[in-house]
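Q: Based on the sequences and whatever the hints tell you, model everything.
Protein chains: 2
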Amino acid sequence: MAEFSAKDIDALHHLYRINLINSCSGYKSANLIGTKSTDGVSNVAVFSSVTHLGSNPALLGFFLRPTTVMRNTYHNIKETGTYTINHIHEGILDDAHHTSAKYDGSISEFDMTQLEEDYKANFLAPFVKGCPVQMAMSYVEEYPIKANNTILVIGKIEQLYVPDALLEKDGYIDLSQGKVATINGLDGYAIPELKVRQDYQRPKDTNDK
Amino acid sequence: MAEFSAKDIDALHHLYRINLINSCSGYKSANLIGTKSTDGVSNVAVFSSVTHLGSNPALLGFFLRPTTVMRNTYHNIKETGTYTINHIHEGILDDAHHTSAKYDGSISEFDMTQLEEDYKANFLAPFVKGCPVQMAMSYVEEYPIKANNTILVIGKIEQLYVPDALLEKDGYIDLSQGKVATINGLDGYAIPELKVRQDYQRPKDTNDK
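In the order they appear, the protein sequences are chains A and B. One point on numbering: in the numbering used here, the residue at position 90 of the first sequence is 90, and numbering is uninterrupted. One point on numbering: in the numbering used here, the residue at position 129 of the second sequence is 129, and numbering is uninterrupted.
Simulated from the structure, these hints should not be mistaken for lab results. Some hints could be false.
Taking beta-carbon pairs under 10 Å as the criterion, some of the chain B residues facing chain A (in silico) [to be verified]:
| no. | residue |
| --- | --- |
| 1 | D10 |
| 2 | I21 |
| 3 | S29 |
| 4 | E90 |
| 5 | K120 |
| 6 | V140 |
| 7 | Q159 |
| 8 | Q198 |
Even for Gly, the Cβ is constructed at its ideal location relative to N, Cα and C.
A: What follows is the structure in structure tokens.
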């Protein structure tokens with residue numbers, strides 16, 4: 001069993017530390033966030049921090065570091081108020097991951113990969129063509145995180161597209177039917193198969209165990 | 001292709017909506033958060049919103065709704081300043097999911113399931129025995145989210161335990177070696193197999209595609 005104290009973690013080589021700490025929270029969502037600048041340059045970047053905040057209203061959050069490539073995404077969201085979230089799937093693992101490369105804001109990652117822009121419903125920001133779940137988002141609010149100078153960006157789902165084959169009768173989206181990816185750490189990708197849907201849980205009688 | 005506008009989502013039956021919106025963000029982390037009350041009652045509850053915030057300092061965040069069962073977790077964290085995060089794995093899927101049942105704060109979920117408390121390093125909060133990744137966390141700060149009255153709780157990793165078999169030379173934790181679970185929606189569980197680790201990406205020459 002390996003054991004790391006906070007002091008040990010501080011003292012690690014920085015590459016070892018980012019691998020360790022990026023993989024210790026568990027599996028992550030694998031999304032491409034699409035935006036457009038006011039100059040008309042489209043941008044798409046991989047994010048692994050998109051998180052469900054609540055269903056009513058339908059809100060999702062994600063974290064970004066202002067000092068990384070993601071600042072193009074942030075800048076565009078702030079200027080236009082809109083973005084898209086698109087699920088990474090088995091067919092685009094290489095190109096999706098390549099969007100983590102640090103391109104200048106004048107270059108569209110759509111031009112540097114086989115990822116294709118998709119425009120729908122008069123929405124300014126580009127969707128990523130062929131992604132099994134596509135969402136048009138509107139910026140709601142943000143929280144600067146004092147502890148490490150990241151930013152939590154919260155958006156509302158304005159439009160949600162999902163193929164009928166993934167959608168069950170009770171509203172559940174079976175991501176495994178769309179070969180949706182999940183991320184382990186900074187660079188590991190898996191395509192999960194659904195194992196079980198559990199039932200809604202009620203307390204047991206305290207005499208049982 | 002199914003399509004839902006914000007207005008459509010608002011008008012859905014609430015059970016359909018929570019299934020749809022809980023599964024539309026992609027795969028989620030599957031964790032058990034362990035706490036102890038000042039009365040000495042241990043608590044453990046499933047969370048699917050634990051997210052990496054940064055590696056230096058090593059910070060993780062999670063969201064909770066003050067109006068749900070998770071309030072025991074929140075109350076204990078606020079009173080004691082400490083909690084544990086433990087990865088759900090294939091061997092405990094049923095008991096881990098059962099911790100979503102709404103027990104009174106005087107009842108420990110450890111007494112109502114086969115999950116076992118594990119105490120280490122003089123840490124007040126219980127770890128969950130046998131989990132492939134176990135972390136002792138200290139409360140750092142919280143942000144009340146105005147948009148939907150949830151709370152973002154941020155904690156620092158004080159102690160991290162991971163079996164040697166999961167830990168690669170560069171610090172990467174291979175979650176699939178630990179049969180770690182991921183959550184799809186409210187109630188779907190998968191045990192992913194790692195497919196690929198991608199290389200660090202640098203920009204391509206803009207003459208290539």
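Q: Next, verify each hint and record whether it holds.
A: Verification of the supplied hints:
no., hint, verdict
1, D10, "holds, 8 Å"
2, I21, "holds, 4 Å"
3, S29, "holds, 3 Å"
4, E90, "holds, 8 Å"
5, K120, "holds, 9 Å"
6, V140, "holds, 5 Å"
7, Q159, "holds, 6 Å"
8, Q198, "holds, 4 Å"
Of the numbered hints listed earlier, not one is contradicted by the structure.
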